[in-house]
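Residue 1 is where the sequence shown starts when you use this note's numbering, and the numbers rise one by one after that.
Think of the hints as simulated: they come from the structure by calculation, not from any bench.
Computed from a predicted structure; not experimentally measured.
One thing to keep in mind: the hints can contain errors.
Calculated cross-link-like contacts (lysine to any residue; reagent style SDA-like; alpha-carbon spacing at most 20 Å) [claimed, not checked]:
no., residue 1, residue 2
1, 84, 37
2, 135, 153
3, 146, 125
4, 36, 49
5, 113, 11
6, 126, 152
7, 37, 121
8, 133, 151
9, 126, 51
10, 134, 112
11, 134, 154
12, 113, 130
13, 37, 152
14, 136, 147
15, 113, 51
16, 31, 127
17, 31, 52
18, 84, 122
19, 84, 129
20, 31, 113
21, 126, 144
22, 147, 131
23, 126, 141
24, 126, 1
25, 126, 146
26, 84, 132
27, 147, 51
28, 113, 144
29, 126, 65
30, 126, 79
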Amino acid sequence: LAAFALIFGGSAVLIWILRPYATLYLMPNAKANLQKKVDSGTISGNQIIIPSVLVDAPIIEGLNERTLHDGVGHVQDSVSPGQKGNCIIEGHNLAEFGLFQERSFFSLLELIKQDAPVYVFYKGKKYTYRVVKKKKLNVSDPILRKKTAHEQLTLITCISTWSVTIYT
């Protein structure tokens, strides 16, 4: 009975962790539906949508447990979308927090590819960004919050790692 419970429990955890990947790879219409949502022009409120990695999240001002449970957080001391400077948005990743969280909006962000479009709807305007690069950095690395003279969007999430040298 204990062996059955361990197998069942382990299988359930694995399915829970793999579900966003299954949606991404087994339901190609999920990306198309997000793109249709972007193109519809009917999005109200602050929202970030990245069809290629199934991100569809409300943007909430500030960072705290509630913010990251309900959406992704716009770092308050960063610029707003569309302004010159570094706009920083942070969100949870399923692999680290998804077992006990209802939502983890940046679950598949680690799969984003160069040149992928990122759509930010903020205060009634739509901003389109393109991925230039992605990096795995320690959370304390100052480059994450670097001030810039040009308009830039920085998305931050944790990564799945077993490295003892990287705190993500």
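Right, here's what the structure says about each hint:
A distance of roughly 27 Å separates the Cα atoms of residue 84 and residue 37; the hinted pair therefore is violated under the 20 Å criterion. Distance check on the hinted pair: residue 135 and residue 153 sit about 14 Å apart at the alpha-carbon level, within 20 Å; holds. Note on residue 146 and residue 125: the hinted pairing is violated, with a Cα-Cα distance of about 25 Å set against a maximum of 20 Å. Annotation: proposed proximity of residue 36 to residue 49 holds, straight-line Cα distance about 11 Å (limit 20 Å).
Restraint check for residue 113 and residue 11: not satisfied, since their Cα atoms lie roughly 30 Å apart, outside the 20 Å limit. Distance hint between residue 126 and residue 152 is fulfilled; the C-alpha atoms sit about 15 Å from each other, no more than 20 Å. At most 20 Å may separate the alpha-carbon atoms for a hinted pair to count; residue 37 and residue 121 meet this at roughly 12 Å. Straight-line distance between C-alpha atoms of residue 133 and residue 151 comes to about 15 Å, which keeps the hinted pair within the 20 Å bound.
Using a Cα cut-off of 20 Å, the hinted pair residue 126 and residue 51 holds, with the two alpha carbons roughly 15 Å apart. Between the alpha carbons of residue 134 and residue 112 the distance comes to roughly 8 Å, so the proposed pair stays at or under 20 Å and holds. Between the alpha carbons of residue 134 and residue 154 the distance comes to roughly 9 Å, so the proposed pair stays at or under 20 Å and holds. Distance check on the hinted pair: residue 113 and residue 130 sit about 10 Å apart at the alpha-carbon level, within 20 Å; holds.
Taking the CA atoms of residue 37 and residue 152, the gap is about 24 Å. The hint is violated against a cut of 20 Å. In summary, the hint linking residue 136 to residue 147 is supported, as the alpha carbons are separated by about 19 Å, within the 20 Å threshold. The hinted pair formed by residue 113 and residue 51 meets the criterion: a straight-line CA distance of about 12 Å does not exceed 20 Å. Annotation: proposed proximity of residue 31 to residue 127 holds, straight-line Cα distance about 19 Å (limit 20 Å).
Restraint check for residue 31 and residue 52: the C-alpha separation of about 6 Å stays at or below 20 Å, so the hint holds. The suggested pairing of residue 84 with residue 122 holds, with an alpha-carbon distance near 15 Å, which does not exceed 20 Å. Proposed proximity of residue 84 and residue 129 is supported: the alpha carbons are some 13 Å apart, at most 20 Å. Under the criterion of a C-alpha separation no larger than 20 Å, the hint pairing residue 31 with residue 113 is consistent with the structure, at around 14 Å.
For the suggested pair residue 126 and residue 144, the alpha carbons sit about 24 Å apart, so the restraint of at most 20 Å is broken. With a CA separation close to 18 Å, the supplied pair residue 147 and residue 131 stays within the 20 Å bound. At roughly 30 Å between alpha-carbon atoms, residue 126 and residue 141 are farther apart than 20 Å, so this suggested pair is violated. The straight-line distance between the Cα atoms of residue 126 and residue 1 is roughly 55 Å, outside the 20 Å bound, and the hint therefore fails.
Annotation: proposed proximity of residue 126 to residue 146 is violated, straight-line Cα distance about 24 Å (limit 20 Å). Note on residue 84 and residue 132: the hinted pairing holds, with a Cα-Cα distance of about 17 Å set against a maximum of 20 Å. Simply put, residue 147 and residue 51 have alpha-carbon atoms about 27 Å apart, too far for the 20 Å limit, and the pair is violated. Between residue 113 and residue 144 the alpha-carbon distance is near 19 Å, which keeps this suggested pair within the 20 Å criterion.
Between residue 126 and residue 65 the CA atoms are separated by roughly 27 Å; this puts the pair beyond 20 Å, and the hint is violated. With a C-alpha separation of about 16 Å, the suggested pairing of residue 126 with residue 79 holds against the 20 Å cut-off.
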